[in-house]
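Colleague: Model the full structure from these sequences, guided by the hints.
Each chain, letter by letter, is given below.
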Amino acid sequence: MTLFYGTELASRLMLGTAQYPSPEILSDAVRRAGAGVVTVSLRREAAGSRAGQAFWTLIRELDVPVLPNTAGCHTVREAVTTAQMAREVFGTDWIKLEVIGESDTLQPDMFALVEAARILTEDGFRVFPYMTEDLVGAERLLRAGCEVLMPWGAPIGSGKGLNNLFGLRALRAHFPDVPMVVDAGIGVPSHAAQAMELGYDAVLINTAVAKAGNPAEMARAFAMAVEAGRMAYIADPMEERDMAVPSTPVIGQAVL
Amino acid sequence: MQILVNDKHHDVTAANLAALLDELGYDVTARIATAVDGCFVAAGRRATHSLHDGARVEILAPMQGG
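Going down the list, the protein sequences come from chains G and E. Under the working numbering, the first sequence has 1212 at position 205, and the numbering climbs by one with no breaks. Under the working numbering, the second sequence has 258 at position 21, and the numbering climbs by one with no breaks.
Here are some chain E residues pointing at chain G (derived, C-beta under 8 Å):
hint, residue
1, Leu-261
2, Ala-270
3, Phe-277
4, Ala-279
5, Ile-296
6, Gln-301
7, Gly-303
Across the chosen pairs, the derived CB separations fall in these ranges:
hint, chain 1, residue 1, chain 2, residue 2, range
8, G, Ser-1029, E, Asp-259, 32 to 40 Å
9, E, Ser-287, G, Val-1185, 42 to 50 Å
10, G, Asp-1111, E, His-289, 33 to 41 Å
Short derived list, chain E residues pointing at chain G, Cβ under 7 Å:
hint, residue
11, Ala-267
12, Arg-268
13, Ala-272
14, Ala-298
15, Pro-299
16, Gly-302
Hints were generated in silico from the structure; no laboratory data involved. Positions of the beta carbon are idealized from the N, C-alpha and C atoms, including for glycine.
Modeller: Set out below in structure tokens:
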């Protein structure tokens, strides 16, 4: 059982809610995924607009825990203020903390991330930090009060899968008891299965589902991959070898 | 006085944040969050949060996110 700040999720698949062709397709995808969490965000709203309320109504009907994010924030102050606003709007102290440091790759600014995580944790937030797979950064985030880590697989929306397998494996091995979620860069279900086979506790997917030709079917495919990967991890996979080893016993083999 | 709301200039008479939302026609029962000059202002403090000329107000609502 994996607990995220004391909460066991119904599924190890976390799903983003952005970029779907329609609200109906989003709802369908969340249901088919059996998502354990859905991520949400905040944006400016004009007077008289009901867009935000309509979206919130849709999310509440799905009855899935929400994880608000601080997407688009580039400074500690922006991220902290956005988190505080999100806590009031969504009624949760969970926050997926994003502090972007580089625009082309949307790579997290690990220095600002640690500082923002410290401020938010002291303010009572439960922080899910979107981070690189940096071991030292992970240590600092844990020291800042984070009890969950969310390393990227690859740049957001790239669909490239797990770019640094060695780094992700090392991170998992260094902090075996910390719940960890691979967030960002996953493109197809096999990437998600691979993350779960490495021992990650969950994956967070958005673009790979939302931009699929059939988002609901892809959501289901991801759910199956996450379950398969988790089962494989628990079943303890064999070790890789560089040379062949016959699987059919050679004892008793005829000499012809 | 001139207030910048979500990056748009407004000439308003409201002296505090709650009055500003009312003057601009926001539904205060809706799920919105507010910040002034980069700092969060909780819903319960809007009526006592005075505005100054040139204040930068952000009014945010739920939306899709990854």
